[in-house]
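Here the protein sequences come in this chain order: E and G. Under this note's numbering, the residues of the first sequence are numbered 1 to 269, in order. Under this note's numbering, the residues of the second sequence are numbered 1 to 601, in order.
Warning: the hint list may mix true and false statements.
Unchecked claim - Below 35 angstroms or equal to it, Euclidean Cα-Cα: the simulated DSBU-like pairs (lysine-lysine) are: (1) G:Lys357 to E:Lys205; (2) G:Lys357 to G:Lys322; (3) G:Lys593 to G:Lys68; (4) E:Lys226 to G:Lys322; (5) E:Lys142 to G:Lys593; (6) G:Lys545 to G:Lys503; (7) E:Lys91 to E:Lys226; (8) G:Lys184 to E:Lys119; (9) E:Lys119 to E:Lys91; (10) E:Lys163 to E:Lys142; (11) E:Lys142 to G:Lys558; (12) G:Lys322 to E:Lys142; (13) E:Lys205 to E:Lys226; (14) E:Lys119 to G:Lys366; (15) E:Lys216 to E:Lys119; (16) G:Lys503 to E:Lys142; (17) G:Lys205 to G:Lys68; (18) G:Lys366 to E:Lys205; (19) G:Lys184 to E:Lys163; (20) G:Lys593 to G:Lys205; (21) E:Lys91 to G:Lys357; (22) E:Lys142 to G:Lys545; (23) G:Lys184 to E:Lys216; (24) E:Lys163 to E:Lys119; (25) E:Lys119 to E:Lys226; (26) E:Lys142 to E:Lys226; (27) G:Lys593 to G:Lys503; (28) G:Lys366 to G:Lys68; (29) G:Lys558 to G:Lys593; (30) G:Lys184 to E:Lys91; (31) E:Lys142 to E:Lys216; (32) G:Lys366 to E:Lys216; (33) G:Lys545 to E:Lys216; (34) G:Lys184 to G:Lys112.
Claimed, not checked - Chain E side only, calculated, beta carbon under 10 angstroms to chain G, not exhaustive: (35) Ile64; (36) Asn65; (37) Leu67; (38) Asp133; (39) Val155; (40) Lys163.
No lab work stands behind these hints, which were simulated from the structure alone. All C-beta atoms, glycine included, are put in the ideal place defined by N, C-alpha and C.
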Amino acid sequence: MADVVMRIWRGDSEGGEFQDFPTQVSEGEVVLDVVHRIQAEDAPDLACRWNCKAGKCGSCSAEINGLPHLMCMTRMDTLPTEEPVVIAPMKTFPIIRDLVTDVSFNYEMARRLPPFAPKDPGPDGTYRMQQIDVERGQEFRKCIECFMCQDICHVIRDHEENKEHYAGPRLFIRYMELESHPLDTNDRRELLREEMGLGYCNITKCCTEVCPEHIKITDNAIIPLKERVVDASYDPVAWLGRKILRRTKKTATEAANHRTDPKPVKASQ
Amino acid sequence: MAEYEQIDLDVVVIGAGGAGLRAAIEAKQRGLRTAIVCKSLLGKAHTVMAEGGAAAAMGNVWSEDNWKVHFRDTIRGGKMLGNWRMAQLHAQESPDRIHELEAWGALFDRTKDGRIHQRDFGGHRYARLAHVGDRTGLELIRTLQQRAVALDIDVFMETKILRLLKNPSGEVSGAVGYHRPTGKMVVFTAKAFVLATGGIGRSWKYSTNSWESTGDGHALALWAGADIIDMECMQFHPTGMVWPLSVRGLLVTEGVRGDGGILRNSEGQRFMFNYIPEVFAAETADNEAEADRWYEDHINNRRPPELLPRDEVARSINAEVKAGRGGPHGGVYLDIASRRSSEFIQRQLPSMYHQFKELAGVDITKEAMEVGPTCHYIMGGIRVEPDTAASTIPGLFAAGEVAGGLHGANRLGGNSLSDLLVFGRRAGMGASDYADSRTSGTTVDSTEIERIIDEARAPLAREGGENPYDLQRDLQETMQNLVGIIRTGTELTQALSEIDALKERVPNLSVNGGIAYNPGWNLATDLPAMLSVCTMVTMGAIERKESRGGHTRDDYPKSDPAFGKINFVQRLNGSGECVVSPEPLPEMPDELKALLEEGAH
């Protein structure tokens, strides 16, 4: 058992302050264990989200000593204990209470994404796909929606006004997943360039560094997307190829028109 | 006067795991005004924790597989207590439900010829689980979530339902709850309600379940007058982590054994060969050589005993530890490192690799995992009409873990995810048909609403009472110690009186800190459901004086054929007390009975 001070942000949208909780840590404990103990013994109203406690649901994201982490996967023995362990809510999202933030921005951006539109199945009514062709998409589908990549992304972390027209890394991997999906027919490239702010990303790879699933967000999603979007806009050969080959993908306008009235998920406010 | 918002819809689905999402998708696709209400954020429900896969007899890996074999495996695995019609529908419809997910964007692992790959799991005669590595639940929930978003279904996230309401003619017509971020009260009125609230495992100390699994749906249905069955049938998953203590109970997928992992005791013995029950002897290998050959040739060899149904494996591990042959932390060893290559393990079991590496400092490609049984799943639940998922009270439907019947006394791994899809869809259909044909109004009693709100808010106004976390901890201790994997009559009776004593502490709960996103208060409102559900589990366990599936009585160690023909049904009597009555199982048609006898191997 080691002594440690947990310095946890308490407050709501009106403001707040850090509160210190001296506690003891047992072998193998993660930050979430300690937060739970504080909740059970000292501060039953300490707000935090969690579900699986195994790095699979992405609920317990917080900023630990200044960087986004899942509280359930951060072992206390990896943190220096001479100084207080500082736990703050994700900065990019409005605070609801304590460590809980309003992440509805991400759900809104998911709603604005033109959905998966598969081509017709084979004669037996099912699809055939090769493992190698699904693996690119599977990398992105590992995403647990912890939103830490969104939190760390300076395009919206430091510029609230960008949120209206910037989907963010979590959604970029979703766009890339669909872009590389063997069955999808929607073309979302123009939308990505014009309304989802792909160009704002200047490839600092902060998102990749914080991803708990180790998804190569920048290298495998954002950079290839940028290339494809450029091809779609400026490459006369690609343009001609599309004309000649009569691409079956819907145009961006068709894809975007799928949802004319974007409607947010109810954020229970 | 308590203030509340009122929202009117056609179909309200409570719960946003696989079953709830699938039910809502069905209702919305049929054009009904549909909403989902869930306690967490969308996409975080417990389905996300499912690892191994979804069982469906598609025959992609073994062409010998078909729904009849899946039906047989499910009924036999459930120790003959399952509802035959549910098992039939489940086995017949699972393949279509899996294929449908592909049309909604899911990316399952593939066979060499480009079809959906299927993996081996306990109790399934053929490799039958469609999967994505060992994160199948995430794939399932994300696919359904994205489909729900594409259909523009309303979702009320982080909203807890406290009680169901009926109209004057007794049809379920409303649900009272509150939005957790604000604490503001809300009343949903609708023509049909679907409960898809999942399990109850939060009331045990060592559990694979999250804070959400408080049995809300089981309790809401009971309180509204519905029948609940088989509550004594709890599944303890054989392989939970045991060390470090902070992760004790965390799930280790059965896929480890399906992909070649074996169990050894502290003496290095592969002990499962000593625990093959008579009923599975004809289909289980009795020597290591045959067991090892089975992975490549299912037709000419019998299954390894590590892949017996979960109840058998959990009891065997328990017995080994009790006999002093356990590891340093009270578990046994699950070894895949010595059996499969590092690349294979990392490809097939990436999240297990990750989980042990980061949480326990164990590299599962190099060393064995120490594991032991953990509270995992409730087979029992709301009694439903198999084809429509209708409960026994009008206007109320149920699907997924909260519904009873399909899995009998023991669920096979992989049958839960397919259950969610098959019966989620059927609940959506049943609720939609009911809503379409319903002529009565959805008027609910405002006095009752105010009483419910006042009761829920009482702990916020009370000063100097008891911390809800203390009550929860005591309940978990009671259930862990007295209503665990091995039960006896005296301990169960003691548990019942302890639960009664805990119930008396509820009116003295108090919490500080206001109504907005207050976990202490949220727990205080979960506790009544947890206590009701624990009473049902204990009462059922007292009545079932035999051992069957997940229910093991030390004082009645054998199965009794007479008990094999009855469900224990629980409901409220006229004075609001929960009572248990034995009722006969629905009689299986002869042509299905014949399937059970066929081809033990």
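Against the structure, the hints come out as follows:
no.	hint	result
1	G:Lys357 to E:Lys205	holds (25 angstroms)
2	G:Lys357 to G:Lys322	holds (28 angstroms)
3	G:Lys593 to G:Lys68	holds (11 angstroms)
4	E:Lys226 to G:Lys322	violated (60 angstroms)
5	E:Lys142 to G:Lys593	violated (42 angstroms)
6	G:Lys545 to G:Lys503	holds (26 angstroms)
7	E:Lys91 to E:Lys226	holds (27 angstroms)
8	G:Lys184 to E:Lys119	violated (45 angstroms)
9	E:Lys119 to E:Lys91	violated (41 angstroms)
10	E:Lys163 to E:Lys142	holds (24 angstroms)
11	E:Lys142 to G:Lys558	violated (44 angstroms)
12	G:Lys322 to E:Lys142	violated (39 angstroms)
13	E:Lys205 to E:Lys226	holds (14 angstroms)
14	E:Lys119 to G:Lys366	violated (44 angstroms)
15	E:Lys216 to E:Lys119	holds (28 angstroms)
16	G:Lys503 to E:Lys142	violated (42 angstroms)
17	G:Lys205 to G:Lys68	violated (38 angstroms)
18	G:Lys366 to E:Lys205	holds (32 angstroms)
19	G:Lys184 to E:Lys163	holds (28 angstroms)
20	G:Lys593 to G:Lys205	violated (39 angstroms)
21	E:Lys91 to G:Lys357	holds (29 angstroms)
22	E:Lys142 to G:Lys545	violated (45 angstroms)
23	G:Lys184 to E:Lys216	violated (41 angstroms)
24	E:Lys163 to E:Lys119	holds (32 angstroms)
25	E:Lys119 to E:Lys226	holds (25 angstroms)
26	E:Lys142 to E:Lys226	holds (22 angstroms)
27	G:Lys593 to G:Lys503	violated (44 angstroms)
28	G:Lys366 to G:Lys68	violated (40 angstroms)
29	G:Lys558 to G:Lys593	holds (23 angstroms)
30	G:Lys184 to E:Lys91	holds (25 angstroms)
31	E:Lys142 to E:Lys216	holds (11 angstroms)
32	G:Lys366 to E:Lys216	holds (26 angstroms)
33	G:Lys545 to E:Lys216	violated (56 angstroms)
34	G:Lys184 to G:Lys112	violated (54 angstroms)
35	Ile64	violated (15 angstroms)
36	Asn65	violated (18 angstroms)
37	Leu67	violated (16 angstroms)
38	Asp133	holds (8 angstroms)
39	Val155	violated (23 angstroms)
40	Lys163	violated (18 angstroms)
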